[in-house]
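All the letters of the sequence shown, read from the start, carry residue numbers 456 to 1026 under this note's numbering.
Just to be clear, a hint being listed does not mean it is correct.
Stated by the list, open to error - Below, a list of computed lysine-lysine pairs in the DSS-like style, where the Cα atoms sit at most 30 Å apart:
1) K575 / K711
2) K690 / K726
3) K666 / K706
4) K606 / K795
5) K757 / K726
6) K518 / K606
7) K951 / K725
8) K891 / K951
9) K932 / K984
10) K669 / K706
Stated by the list, open to error - Label-pair restraints from in silico Cβ distances:
11) S612 / E897: 43 to 49 Å
12) G668 / T1005: 47 to 53 Å
13) H861 / K669: 50 to 56 Å
14) D903 / S612: 22 to 28 Å
15) E527 / Q792: 48 to 54 Å
16) T840 / K989: 49 to 55 Å
17) E598 / N686: 29 to 35 Å
18) S612 / S898: 33 to 39 Å
19) H861 / P493: 48 to 54 Å
Worth flagging that the hints you see were computed from the coordinates, not collected in a lab. Idealized CB from N, CA, C, for every residue including glycine.
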Amino acid sequence: MRNLTMLFVLSLVLALSFAAYGQEHTKSAITANAPDRPLSEAEVAEWRADLHYLATTLPKEHKDLFHRLDKERYENAVKKLNENLPKLTAHQVSLEMARIVGLARDGHSYLATIWDPKLKFQFYPIRFYVFEDGVHVTYAAEEYKELVGAKLTKVESLSVEYAIERIGPYMSTDNKFGVYEQAPYYLASPSVLKAIGISGSGVETNYEFEKDGKKIVFKAKLDPNKDQTINSTLKGAANWIDVRSGASNPKPLTYKRSSERLWFEYVDDKKMLFVQMNNVLDAENKTIEKFFGEVVATAKSKGAERLVLDLRHNGGGNNTLIRPVIRGIIQLEEIDQKGKLFVVIGRRTFSAAQNLVNRLETWTNATFVGEPTGSHVNMYGDARTFNLPKSGLRLRISELFWQNKHARDERKWTAPHIAAGPNFADYEGNIDPAMKAIETYESKPTLDELAMKRYANMDVAGFRDDVIKFMKDPANKYVDVEGQINGYGYNMISMKQWDAAIALFSLNVEMFPNSWNVYDSLAEAFMNKGNLKKATELYKKSLSMNPENTNAVRMLEKIKKAGDKKEGQSH
């Protein structure tokens, strides 16, 4: 009851704050004034009304807001913002509310802030991209042409890595790859950088870059004569200077027709059928079912030996349209094999595209290539739109949970079997690293296959050697080795093979000593075996590394009660 009571008290405080202002005010003061200056009393009251609405509506309407979010953390965040409101600007309040929504780690549930013209967030005409080897300027307006191709190293006094870390919580994303997708917009906004304390100015920003071995110190400035809100700024992007404009290679297939929803091309000299789906939606003149019928027919008539399905630009759509894709691939028995069927994924693979990836993983023999998806494997979605009553800001809240995989599958993303993420040199030269990896593919055993090979003899020592070798291979960069070994350990627990579970969890501790979760899992195995002293030691270790590990708190209380009961029985 404690959590429910706390939420009720918070709601009451916020509601009274709103009532104190008076409900006769129908015209909002929020949108009438500059969003980067201190709030008036009227604005504070209106933002409190919005915060009250958000704080109560989000847990009420979300399918399960507290699946991956501790309720007390949520309530404390709401309480803190309510207390700090009089000291903030409209930009700061809106971003802090967005941060509260983002605590759920649900990319479908978000508060629209930087994209809302009412809030007047400003942007420089620069496009950054987070590559594996750093953040680079991929294209920019004429006045920023000297920066095109440059590597961003600092934003004001912060390293770019730390700047992204600071920015990340203000976005609603499922995982860090979603942050990489959205971060470039925030890095280019002086309004955002000022609001979250990275910069002292909402007009000028000091950036540091590296280009051609030289350091560039650059002060970006807003043009006072232009509307530089995000939509206005991006309208001119077609005329910006593109770093790829001087590339000698032709545009790679993945960018060849990226504005089209569904298309394919047979590459004769490689005997490969390249298929790109940029949405999970029917095209204007063709359904997905008809489209994939044509894909199957072409693969058969051409005698294709490989099929590449490119989903890296696919942000979703309608997951009820997925079935023809799976059925079509299954019909191609000569292609639906390891090393012949490839699916390219990336940070923009999200929502219904993730549902498609899940089904491909379950029902086909696809080899995934690229970088991890931007979505949880089992995810929340089908968001409904609400509007905050005073500011009118759009709040999206997920109403359904899509569980395509095992109920205990808490993967934050689908990892590729072959890591081939974007790097700047390849991008600048019009080279697709995913296609390069596919063309040079060599079959190697997966971690599951290595585990099964050692399982018969419970050869944990041999498996340890396999894991070390596996992790050294760059192609396995994104494989969740920790999570998979953890899964093997819990399989042993389910079979009451405590020693095997302890051996596997101990291997995880050796491989990932900085992970709080590996100690928590090992503690559980010892607790199941009856070694409560060792379990206590490990739970305390896990809790010291992550004070928000509520499971460790509960287990320590359980162990203490068991000890107290045992002591009582001995007297």
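Results for each hint:
no.	hint	verdict
1	K575 / K711	34 Å, violated
2	K690 / K726	40 Å, violated
3	K666 / K706	24 Å, holds
4	K606 / K795	36 Å, violated
5	K757 / K726	8 Å, holds
6	K518 / K606	41 Å, violated
7	K951 / K725	50 Å, violated
8	K891 / K951	45 Å, violated
9	K932 / K984	34 Å, violated
10	K669 / K706	29 Å, holds
11	S612 / E897: 43 to 49 Å	46 Å, holds
12	G668 / T1005: 47 to 53 Å	50 Å, holds
13	H861 / K669: 50 to 56 Å	52 Å, holds
14	D903 / S612: 22 to 28 Å	46 Å, violated
15	E527 / Q792: 48 to 54 Å	50 Å, holds
16	T840 / K989: 49 to 55 Å	51 Å, holds
17	E598 / N686: 29 to 35 Å	19 Å, violated
18	S612 / S898: 33 to 39 Å	48 Å, violated
19	H861 / P493: 48 to 54 Å	51 Å, holds
Consistency note: the structure conflicts with the earlier hints numbered 1, 2, 4, 6, 7, 8, 9, 14, 17 and 18.
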